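> The residues making up each chain are set out below.
2 protein chains.
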Amino acid sequence: MVVTPLAEDFTLRVIGRVHSPFHEKFGIPRQPGLVKVPATLVMLPPFDSPEMFEGLEDFSHLWLTFAFHACLEQGWKSRVRPPRLGGNVSKGVFATRSPFRPNHLGLSVVELADVEITHGRVRLHVRGADLLHGTPIVDIKPYVPYVDSVEGAVGGFAGEAPDRRLRVSFTLSAEQVLARHPDGERLAAQLVELIALDPRPAYHKENKDTQRTWGMRYAGLDVRWRVENELALVTEVVDQGQENQ
Amino acid sequence: MVVTPLAEDFTLRVIGRVHSPFHEKFGIPRQPGLVKVPATLVMLPPFDSPEMFEGLEDFSHLWLTFAFHACLEQGWKSRVRPPRLGGNVSKGVFATRSPFRPNHLGLSVVELADVEITHGRVRLHVRGADLLHGTPIVDIKPYVPYVDSVEGAVGGFAGEAPDRRLRVSFTLSAEQVLARHPDGERLAAQLVELIALDPRPAYHKENKDTQRTWGMRYAGLDVRWRVENELALVTEVVDQGQENQ
Numbered sequence: 155m156v157v158t159p160l161a162e163d164f165t166l167r168v169i170g171r172v173h174s175p176f177h178e179k180f181g182i183p184r185q186p187g188l189v190k191v192p193a194t195l196v197m198l199p200p201f202d203s204p205e206m207f208e209g210l211e212d213f214s215h216l217w218l219t220f221a222f223h224a225c226l227e228q229g230w231k232s233r234v235r236p237p238r239l240g241g242n243v244s245k246g247v248f249a250t251r252s253p254f255r256p257n258h259l260g261l262s263v264v265e266l267a268d269v270e271i272t273h274g275r276v277r278l279h280v281r282g283a284d285l286l287h288g289t290p291i292v293d294i295k296p297y298v299p300y301v302d303s304v305e306g307a308v309g310g311f312a313g314e315a316p317d318r319r320l321r322v323s324f325t326l327s328a329e330q331v332l333a334r335h336p337d338g339e340r341l342a343a344q345l346v347e348l349i350a351l352d353p354r355p356a357y358h359k360e361n362k363d364t365q366r367t368w369g370m371r372y373a374g375l376d377v378r379w380r381v382e383n384e385l386a387l388v389t390e391v392v393d394q395g396q397e398n399q
Numbered sequence: 155m156v157v158t159p160l161a162e163d164f165t166l167r168v169i170g171r172v173h174s175p176f177h178e179k180f181g182i183p184r185q186p187g188l189v190k191v192p193a194t195l196v197m198l199p200p201f202d203s204p205e206m207f208e209g210l211e212d213f214s215h216l217w218l219t220f221a222f223h224a225c226l227e228q229g230w231k232s233r234v235r236p237p238r239l240g241g242n243v244s245k246g247v248f249a250t251r252s253p254f255r256p257n258h259l260g261l262s263v264v265e266l267a268d269v270e271i272t273h274g275r276v277r278l279h280v281r282g283a284d285l286l287h288g289t290p291i292v293d294i295k296p297y298v299p300y301v302d303s304v305e306g307a308v309g310g311f312a313g314e315a316p317d318r319r320l321r322v323s324f325t326l327s328a329e330q331v332l333a334r335h336p337d338g339e340r341l342a343a344q345l346v347e348l349i350a351l352d353p354r355p356a357y358h359k360e361n362k363d364t365q366r367t368w369g370m371r372y373a374g375l376d377v378r379w380r381v382e383n384e385l386a387l388v389t390e391v392v393d394q395g396q397e398n399q
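These protein sequence lines are chains Z and Y, in that order. Residue numbers for the first sequence follow this note's numbering, beginning at 155 and rising by one. Residue numbers for the second sequence follow this note's numbering, beginning at 155 and rising by one.
Calculated from the structure, these hints are not laboratory results. Treat the hints with care, as some may be off.
If several chains are the same, the list does not tell them apart, and a pair holds so long as it fits within one copy or across any two.
Below, simulated EDC-like cross-link-like pairs (lysine to aspartate or glutamate); rule was C-alpha separation at most 20 Å, straight line [what the hints assert, rightly or not]:
#: 1; residue 1: K179; residue 2: E347
#: 2; residue 1: K231; residue 2: E390
#: 3; residue 1: K179; residue 2: D202
#: 4; residue 1: K231; residue 2: E208
#: 5; residue 1: K190; residue 2: E314
Nothing here was measured: the structure is a model prediction, and the numbers come from that model.
Kindly generate the complete structure, drawing on both the sequences and the hints.
Set out below in structure tokens:
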């Protein structure tokens, strides 16, 4: 067999887009699966045909290969400072899962909740995605446990799941906004989990600036909170109207 | 944050090439890790700088994202017939790891054996790759066990590792060629494992054509064998001279 060597670059087509409650990078968990946030993969024609997905429903999890599209313009770096190391130790970019990598490809394992077929077009409902709304998908593969789950693998500086969690509470006014929201109970539970992971940059976790307000847009909500020691207080939730989920 | 949507296609650069003993597709295990075959990832400039890999040696395993370059010309299919199902049941391409997929991206976990730095350029030595010689690499990521190893994941039709193995023996003349080869002992052990996996297409496994000879090129050897019931007999090994490893 003679294999023609691939030229030094080649072109990918976007096969689908992520519809996710994350409308900005701040607040997105740093790995998939930490919070069971729902998201939808809207497949683009001709990659939305049901026959292309037949049998996928027998798998519990999927690999998504995607582009870190919000980081494309910033290019790539040889060395990065992983948040897991407090942001003050640098590592080679290929020793990390940083978005600032050559080719800007990301890889996330997500739980498959449902294969929806409407008007002959496929949407995949998943849980646990750590992906920005609009993220372009370039491949979907089944998670094959006997191959992908490596027994005894050693994880370097990212050896264990982060176990630190903040306690999260809401002011009365924030609670009331969520109580009026048709999906408020589920969203409140998701916000508790997301904020408990403490998305603040590491160098802020050390200081005592308890007056500083942090904010994220999530599922059409504008959410603000302050942190004092191990407690996060959600001070304000503004319902900007249903955008996505 | 305003994110410019990515156009419907974008271009990847090849960051490295696989140097592997597999010089043809026939005989390559159908998943990584089944046989600890050694391979080398030769990084291409500017992606071969040691600082880009600093810290990688603390991880035991890597994810390789690569292009199935030998299948590019054949394009993609909506449905494929996975070898695991005997080649006579079809599944949607996204429910498989088939190379005949949109974008032709592959994903393999391999064991990291060594990060070699020679004259300021990086080569990664890995084990267990199921990749053809010359395969273009587009990303390298560390395997992060607490994220990538999903407890309780269900693997559909590929739920368990294939456990059927052939017994493999050599004719005297084949044994003698390996005995004269400087790396013959190691290569013989690898050939035993590779042939034991029985790379024949499923529809041949049923029939009794014990006269048919199968062959593969592996690490500069031209290897031929026949199969009768559960026994493979390696009838001929020709040393074509050291090519790779």
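> Within a copy, between copies, both or neither: where do K179 and D202 come within 20 Å Cα-Cα?
neither (27 Å within a copy, 30 Å between copies)
> Between copies, within a copy, both or neither: which fits K231 and E208 at Cα up to 20 Å?
Between copies, since 13 Å is at most 20 Å while 39 Å is not.
> Is it within a copy, between copies, both, or neither that the alpha carbon of K190 lies no farther than 20 Å from that of E314?
Classified as within: same-chain Cα gap 19 Å, cross-chain 26 Å, threshold 20 Å.
> If the cutoff is 20 Å on CA atoms, where do K179 and E347 land: within, between, both or neither? Let me know, please.
For K179 and E347, the Cα distance is within 20 Å only inside one copy (16 Å; across copies 47 Å).
> Have a look at K231 and E390 and pick one of within, between, both or neither, based on CA distance no larger than 20 Å.
For K231 and E390, the Cα distance exceeds 20 Å both inside one copy (37 Å) and across copies (50 Å).
Hint check: violations occur at hints 2, 3; the rest are consistent with the structure.
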